[in-house]
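All chains, please: the whole structure from these sequences, using the hints.
If you read the sequences in order, they're chains A and B. The first sequence lines up with residues 1 to 85 when you count with our numbering. The second sequence lines up with residues 86 to 503 when you count with our numbering.
Because the hints were derived from the structure by calculation, they are not lab data. Don't take each hint at face value.
Unchecked claim - Under the rule of at most 30 Å between Cα atoms (straight-line distance), these lysine-lysine pairs were calculated in the DSSO-like manner:
(1) B/LYS153 - A/LYS38
(2) A/LYS82 - A/LYS11
(3) B/LYS208 - A/LYS82
(4) B/LYS267 - A/LYS21
(5) A/LYS82 - B/LYS153
(6) A/LYS21 - B/LYS208
(7) A/LYS84 - B/LYS208
(8) B/LYS208 - A/LYS66
(9) A/LYS35 - B/LYS153
(10) A/LYS80 - B/LYS212
These numbers were taken from a predicted model, which means no experiment stands behind them.
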Amino acid sequence: MSRQEILEGLKTVLAPYTMDKEALHSMNDETEFIKDLKINSANLVDIIIDAEERYDIEIDADSAEKIHNAGDCIDVILEKMKEKI
Amino acid sequence: MVTGMGVVAPNGVGIPAFLNAIQNGVSGLKFMPLYEELHFNCQVCGVPDFDFSHLKDYLSEVTFHGLKGSAIGYAIKAAADAWIDAGNTLYDGKIHWETGCVFGSSIADPAAMKRVIALVDAKQSRKLGSRVVEQLMNSGSTAYITGLLGLGNRIITNSSACATGSQGVLMGYEYIKHGMAKRMLVGSNEFVDNYIFGAFDAMRVLARKFNQTPEKASRPMSATACGFVPGSGSGALVLEDLDYALARNAVIYAEILGGATNSGAQQGTGSMTSPNTEGVIQCISDALHNAGIEPKDIDLISGHLTATMADKIEIENWAAALNRRGEDFPLTNSLKSMIGHCLSAAGSIEIVGVILQILHQFIHPNINLEDPNPEIMAIADAKSFPVKRVDKNVNIVAKANFGFGDVNACVIFSKYKR
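Structure representation (structure tokens):
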């Protein structure tokens, strides 16, 4: 799965957690979840749970802590998908 | 002053549907196949015809996503409707420092708790996510309401069993009366799931003889009354200082004259589950005193009257407190004949019923009272308990609820006379 495909998939995961649909639409690797998408920090755990389900992976707490922007999130998802194989 | 109303009741969601139902004696009780499967004695329940997705009209997409609790859903609907009914708008971007909230329930949300128990026991607590705690908190409904409406005054979650709703309304009134707030959003909610229902069923206090005819199951004051029928829902009111209401040209539906809440301390005839007669009589007398009215002024009693053995004791307590008996006993009705006993939501839903009767000048029927209990009719004349709607002047109504823990609440409502 390419980074671009995961970025598009992440937009679906993030959609219920942000009111700023424009920022979500133009999301790139540098887009920060809390600052740019105005996502409530408490919801980050929900986003991780939803991403785990979508990609059938498990994101441990240490990996989750590294996620600030979309690029970090894609890195972690790719890493966990690789570990699974 | 009462300036707004919202309701989610087993026999009507929203004020127009609820008004139509109580005017025409429509029952909201249904047979529950699941309860038959679970071997409950009582298999009838009051369930609002509530479309959860309708909450999208009130909540942002982000807030709606992850909201699961029916109890909170009922509360949001009732409270937001009351707020809008009072002439306000949602998402006006203001903090209403002058407006507070008292909202209560018996149990926050057993269905949400069940999910926590299942996932924790399966060692999968990490999958619970961030939205569970806010829906487990006793203050969950209050928190959702105050955030949605932007309320900035005192925010309180109350709980006193079946007296919760009436007590919350009284608390809101008292805060305004004592100048602590200009407006209070008050109400209560309850979601009776199969666990709560099962616990009441185990006490053998529920109606078990009418499972095939659910609309007949709640029979307050009848000879065949054999227990109450639990129900779910929520009622909400906007209470408002008179000058504040007049200044913003609010429509005033009715006035609260006063009230009282106390406890019989589980002494004398009182216990955890039944009221001390002395406490009830004192509560009603204090309510009248605080409202500045005489017993003869009461046009209607909206009773607690659940369809248990306590109905007779309640009527005797009213008769003793008011010193009105036989043909002199006030007209009396029990909304529970139509919707069952909505526990903590009973008071607020029944108070919405009271305001509607004052506003539209009618007395709703007591359904299922084909066979009045002779012991009750020995205290008050049968004509005091109308079985058909009565269209008449309704100026002053006494509303009371009595709850487990021997807590009492009585509130006196009046038609608003400018």
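Hint check results:
1. For the hint pairing B/LYS153 with A/LYS38, the CA-to-CA distance comes to about 23 Å; that is within 30 Å, so the pair holds.
2. Annotation: proposed proximity of A/LYS82 to A/LYS11 holds, straight-line Cα distance about 21 Å (limit 30 Å).
3. Restraint check: the Cα-Cα separation between B/LYS208 and A/LYS82 comes to about 25 Å, which is no more than 30 Å; the hinted pair holds.
4. Under the criterion of a C-alpha separation no larger than 30 Å, the hint pairing B/LYS267 with A/LYS21 is inconsistent with the structure, at around 38 Å.
5. Between A/LYS82 and B/LYS153 the alpha-carbon distance is near 34 Å, which puts this suggested pair outside the 30 Å criterion.
6. Under the criterion of a C-alpha separation no larger than 30 Å, the hint pairing A/LYS21 with B/LYS208 is inconsistent with the structure, at around 36 Å.
7. Between A/LYS84 and B/LYS208, the direct Cα distance comes to roughly 21 Å. Compliance with the 30 Å bound is thereby established for this hinted pair.
8. Straight-line distance between C-alpha atoms of B/LYS208 and A/LYS66 comes to about 24 Å, which keeps the hinted pair within the 30 Å bound.
9. For the hint linking A/LYS35 to B/LYS153, the alpha-carbon distance of about 27 Å falls within 30 Å, and the restraint holds.
10. For the proposed pair A/LYS80 and B/LYS212, the alpha carbon gap of about 17 Å is at most 30 Å, so the pair holds.
In terms of the numbered hints stated before, the structure departs from hints 4, 5, 6, listed from lowest to highest.
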